[in-house]
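Each chain, letter by letter, is given below.
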Amino acid sequence: MPKCKINGKEVDVPQGTTIIEAFKASGQEIAHYCWHPGLSVAGVCRLCMVQIEGQPKLQIACNTEVKEGMVINNNSETVKDTVRWGLDFHLINHPLDCPICDQAGECGLQEQYMQFGKYDPEMAEHKVKKCKVVDLGPTVVLDSERCILCSRCVRFTDEVSKTHELGIFERGDRSEIGTFDGKPLNNKYSLNTVDICPVGALTSKDFRFRQRVWYLKEHNTICTGCSTGCNVKVYYNEEGCWRVKPRYNPDINGYWMCDEGRDIYKFINKKNRLQEITMTEKGVSKVFQAEELLPQLGLELKNAVQKNPESVALILTGQYSCEEYQSLLNLMVKSWGLKNVFHWVNHPESMEQFDGLLLRGDKNPNTKGLLNELDLLSLTQTWKDLEEKLHRNLIKHLIVAGPENLATFSDVKEKLKLFSSANKLIWLSAGIFEGVSSVCSQVVQIPTKTFFEKEGSYINHKGMKQRVTPGVEIVKSALSLCEFVEGLHHDNKGAHFQDMDSALVDTKLKEPLKENFFTATRGSL
Amino acid sequence: MEVKLLTEHYHRPEYRKLSGYKLYGGYQVLAKALQMEPKTIIEEVKASGLRGRGGAGFPTGMKWGFLPSNHEPRYLLCNADEGEPGTFKDRLMMEKAPHQLIEGMIISAYAIGSQKSYIYVRGEYFDSIRILREALAEAYKAGLLGKKILGSNFSHDMDVYSGAGAYICGEETGMISSLEGLKGQPKLKPPFPALQGYLKKPTIVNNVETLAAVVPIVRDGAKVYRQNGTEKSPGTKLFSVSGNVVRPGNYEVPLGLPLKELIFGICGGLKPGRKLKAVIPGGSSAPVLTAEEALRAHLDYESLAQMGTMLGSGAVIVIDDSHCMVDLLGVIAHFYHHESCGQCTPCREGTGWIDKILHSILSGQGRLQDIHLLERVSEHMMGKTICALSDAAAMPVLSFVNKFREEFEFYVREGRSKVRGVSHAQM
Amino acid sequence: MSVVKNPGSASKWYLPGITIGLVSTFSTMIKNLFGRNKMITLNYPEEKYEYGPRFKGNHILTVKKDGSLRCTACMLCATNCPAQCIKIHAAEHNDPTVEKYPISYEIDILRCVFCGYCEEACPVDAIRMGPEWQTPALSGSNFTYDIRYLAYRPNLKGGIQSRLDDEERHKVGI
Numbered sequence: 001m002p003k004c005k006i007n008g009k010e011v012d013v014p015q016g017t018t019i020i021e022a023f024k025a026s027g028q029e030i031a032h033y034c035w036h037p038g039l040s041v042a043g044v045c046r047l048c049m050v051q052i053e054g055q056p057k058l059q060i061a062c063n064t065e066v067k068e069g070m071v072i073n074n075n076s077e078t079v080k081d082t083v084r085w086g087l088d089f090h091l092i093n094h095p096l097d098c099p100i101c102d103q104a105g106e107c108g109l110q111e112q113y114m115q116f117g118k119y120d121p122e123m124a125e126h127k128v129k130k131c132k133v134v135d136l137g138p139t140v141v142l143d144s145e146r147c148i149l150c151s152r153c154v155r156f157t158d159e160v161s162k163t164h165e166l167g168i169f170e171r172g173d174r175s176e177i178g179t180f181d182g183k184p185l186n187n188k189y190s191l192n193t194v195d196i197c198p199v200g201a202l203t204s205k206d207f208r209f210r211q212r213v214w215y216l217k218e219h220n221t222i223c224t225g226c227s228t229g230c231n232v233k234v235y236y237n238e239e240g241c242w243r244v245k246p247r248y249n250p251d252i253n254g255y256w257m258c259d260e261g262r263d264i265y266k267f268i269n270k271k272n273r274l275q276e277i278t279m280t281e282k283g284v285s286k287v288f289q290a291e292e293l294l295p296q297l298g299l300e301l302k303n304a305v306q307k308n309p310e311s312v313a314l315i316l317t318g319q320y321s322c323e324e325y326q327s328l329l330n331l332m333v334k335s336w337g338l339k340n341v342f343h344w345v346n347h348p349e350s351m352e353q354f355d356g357l358l359l360r361g362d363k364n365p366n367t368k369g370l371l372n373e374l375d376l377l378s379l380t381q382t383w384k385d386l387e388e389k390l391h392r393n394l395i396k397h398l399i400v401a402g403p404e405n406l407a408t409f410s411d412v413k414e415k416l417k418l419f420s421s422a423n424k425l426i427w428l429s430a431g432i433f434e435g436v437s438s439v440c441s442q443v444v445q446i447p448t449k450t451f452f453e454k455e456g457s458y459i460n461h462k463g464m465k466q467r468v469t470p471g472v473e474i475v476k477s478a479l480s481l482c483e484f485v486e487g488l489h490h491d492n493k494g495a496h497f498q499d500m501d502s503a504l505v506d507t508k509l510k511e512p513l514k515e516n517f518f519t520a521t522r523g524s525l
Numbered sequence: 001m002e003v004k005l006l007t008e009h010y011h012r013p014e015y016r017k018l019s020g021y022k023l024y025g026g027y028q029v030l031a032k033a034l035q036m037e038p039k040t041i042i043e044e045v046k047a048s049g050l051r052g053r054g055g056a057g058f059p060t061g062m063k064w065g066f067l068p069s070n071h072e073p074r075y076l077l078c079n080a081d082e083g084e085p086g087t088f089k090d091r092l093m094m095e096k097a098p099h100q101l102i103e104g105m106i107i108s109a110y111a112i113g114s115q116k117s118y119i120y121v122r123g124e125y126f127d128s129i130r131i132l133r134e135a136l137a138e139a140y141k142a143g144l145l146g147k148k149i150l151g152s153n154f155s156h157d158m159d160v161y162s163g164a165g166a167y168i169c170g171e172e173t174g175m176i177s178s179l180e181g182l183k184g185q186p187k188l189k190p191p192f193p194a195l196q197g198y199l200k201k202p203t204i205v206n207n208v209e210t211l212a213a214v215v216p217i218v219r220d221g222a223k224v225y226r227q228n229g230t231e232k233s234p235g236t237k238l239f240s241v242s243g244n245v246v247r248p249g250n251y252e253v254p255l256g257l258p259l260k261e262l263i264f265g266i267c268g269g270l271k272p273g274r275k276l277k278a279v280i281p282g283g284s285s286a287p288v289l290t291a292e293e294a295l296r297a298h299l300d301y302e303s304l305a306q307m308g309t310m311l312g313s314g315a316v317i318v319i320d321d322s323h324c325m326v327d328l329l330g331v332i333a334h335f336y337h338h339e340s341c342g343q344c345t346p347c348r349e350g351t352g353w354i355d356k357i358l359h360s361i362l363s364g365q366g367r368l369q370d371i372h373l374l375e376r377v378s379e380h381m382m383g384k385t386i387c388a389l390s391d392a393a394a395m396p397v398l399s400f401v402n403k404f405r406e407e408f409e410f411y412v413r414e415g416r417s418k419v420r421g422v423s424h425a426q427m
Numbered sequence: 001m002s003v004v005k006n007p008g009s010a011s012k013w014y015l016p017g018i019t020i021g022l023v024s025t026f027s028t029m030i031k032n033l034f035g036r037n038k039m040i041t042l043n044y045p046e047e048k049y050e051y052g053p054r055f056k057g058n059h060i061l062t063v064k065k066d067g068s069l070r071c072t073a074c075m076l077c078a079t080n081c082p083a084q085c086i087k088i089h090a091a092e093h094n095d096p097t098v099e100k101y102p103i104s105y106e107i108d109i110l111r112c113v114f115c116g117y118c119e120e121a122c123p124v125d126a127i128r129m130g131p132e133w134q135t136p137a138l139s140g141s142n143f144t145y146d147i148r149y150l151a152y153r154p155n156l157k158g159g160i161q162s163r164l165d166d167e168e169r170h171k172v173g174i
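Residue numbers (our numbering), protein chains in the order written: chain A, 1 to 525; chain B, 1 to 427; chain C, 1 to 174.
Bound conformation, chain A alone (with noise of 0.2 angstroms):
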């Protein structure tokens, strides 16, 4: 454990920290664009110079290990000179269209121009020109005047995903980032290295212009796409959810998440959402409220499961919280005595895949908590066993806490199909599926509530469990299930949410390294 000194605090760090390390541990600031925690040392930036005493020449910090006794300073107007000019250095050739550019407002050139900067520009020359829109992939585009070369996308695609689509062609000041011929950037997790860009060089074409961050706020939670359980930050305003983002934590992703995961900002989106509850009978839809249509529900599949079990059927997907499980089953199988419980897979054959990073072929974000639901409560039914029942005509009653997340339900349609043998079909989900109302002769549709409007905790793959906490209401009458088995029990008040806890394994979710200071301060305008 080498004891170093910087800016005269004494730090502690474990043996093969580097200098930079132990700055960020020391909670001191150092300017730096190249260096990434989760990345090789590039040491090409030149910002995060340091003076050791007894070393004659300035040295980067990312590249320098802490040596027993160290004397590290970085507020001596030499190492102050140095990084304004090395700031000078990244903006003579950086085209300062700050304005129309979409990293403004969470830019590191713009940051540490703020705090370190020379303010006092000498550039009289004419700027090097390159390529403004560049279109790396399917996902990503490149403004090559923007770029100032710190080379983390191209040690991205060479260390982490292993793809090593990126590189930089050509030399000196007319380097530029650029794909082979015929090999663009496309790979699982091209979006990382938009996150890992410190300016506006790289921009995703999903986010492109679509928002001013400093319009966003940000929540933290988890990603629901598959059974990984990535942290990760949604951004939001008034208008709805716009992006997603990793948040590091060691344990689950790092720094990175995968495309896919970007994508499920969508479906909590109000224009995808299932709006109203419904009840369809005979081709006449009508909205209820959720005082006037639960309670009275509720009774009717009480009086059904007492009177024959076996005329009732609950389907679980993956897709909910543990807490949602444990309530709806307390209700239905404890309480009232229903046996019909089955699992829906949703991709059977690839349940098992894992692509070595991050990716999952579990698409559900709690497929363990269910299990651990059923198998606490003994259902040991499968879905063969439901299709044997509905083929015979058993189940006269069908309740399906269904897909939160539709874009991972390939098989929705043939599913509805089996279960329009049933009489009547209580259909829970966040997401508007075509065709659900006609299904059976009286079928309720019941929106839900997604990952982003509810408290509750996941179980990843690796029986981790996680919480997350409500972002904002995006549609106004959606239901948890937890809220769903109240309105259907309502002298059973209480046992929900907060009593329930875990006896599993908690992890926090843990706070991102630094909050994105405009967003945090800020908010919407």
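These are calculated hints, taken from the structure and not from any lab test.
Just so we're clear, the structure is a prediction, and the values are computed from it rather than from any experiment.
Just so you know, nobody snuck in bad clues.
Rough simulated footprint, nothing fancy, chain B against chain A, three-plus residues with beta-carbon under 8 angstroms:
hint: 1; segment: 39-47
hint: 2; segment: 53-66
hint: 3; segment: 79-87
hint: 4; segment: 112-124
hint: 5; segment: 165-179
Every residue, glycine too, gets a C-beta built ideally from N, C-alpha and C.
Following the hints, position chains B and C against chain A.
Just chains B and C, lined up with the frame of chain A:
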């Protein structure tokens, strides 16, 4: 006076063939070296005080001593990527005496225990590459390379690798990147090549002249080698003299020779009627010397360092009073702008900036503050990057501007050269 | 401007007060009868008062030489707007030198406080405040000005050209 330690037989055309080389004692030193302990050879080289002839002047024996003492595979690379403007000594050595280099390399490889070596020749040296390849084929045929050299237990393979013409590949880590098949860009140090170089294995990179000089050291012993040169810079060195002298060319002289003697004695002085204005003593990256300084200078590492310049690769560029220093700096700045690899920001942007400022001065649009700006940009490029290219670009700028400021100011004020009379824009 | 004149002591009394008042009334009437062009009041709405060109009235979006919008959809005006009355939707332009442009630009003029901050925030002289100030309408929706109104309303005669030209800026290396 010239001392022909390496270049003794260079005038003989047969010397470039194996048979001719053997006539004058070729490969006898190798046979002797293979009888010695590798450690003894390293000690001998250390004792000789041989310093790297590529530019930095780092003691060769000490460099060899940095290798880890395990049995990992290690590489010897010969740096024949002679890119420094003004230098043309390695080319002469490779074309006149390829076997001398090969013999030196086999001895060095034996000393450091390397099984494989590469000669990295700059891409434009077509002849050198061809001649070296022929010489290698001859050496393999004669059993001087390959398995069990000359009946000893030592095996060694050697290859010639052609660069693609980048100046930066003359930097040792840049050269290693290029050899590895990557873009020729210097690597971060640490780790140093002696510990992690080519293919992440211990690697020694030496200049052509350094490796060739191992031959006379092993042949005659360190003591004899030290008879030439000074205490701290022993031995002889090839100097490539170019510019406004009567007899430009390569000359092997002992280190410590007065620069005056090289220019006015050996090279025959300047053309009649011309006056010495400046001398760049070590290739374009070395700070320039004024005429007065040049007449005092001695050609060894220490005394030139004392004068604020460096011996570099031994490219002496003599400039007489018919040349405009602004023009010259413009050419040098353009060269470094073109050759910067673009990795580190200060160098990538700084070399371009300097080039652009000089261009606007040369086209008559300079401002007086540009001269000060040139200095400030150069100062902030010095020592801030991975390799020394940004220093190499900044040092001439600083020295030219400092020592010939009135020429620059004249150019800016009048929009024309003090020497030529007209500006680029008018030409 | 309201000027309070100190009435003389005579006007404290009833008859002198009335007389002074009537003198003022009739003298103005006679002046107006014989010098109609010097009359201060206007017969609005038949007659309208033209303000100076620097008056901060209704917004104008400027255009480029080719008649397309100058606006780059940077949203600095919307950000700077204290009344939050500007709504912009940006999109990618087909021409790579233009890059970003607004597909919709709406100003809710009823919320606008005519402070002129949008004009000041604009980095490319794309929005100006013009001398128009009287734009009554019958329906509420007419008070949300869109691009067609802001840039190409008939009295702008094909649009006001911006001072800043991208091509010239590129030429000088900005």
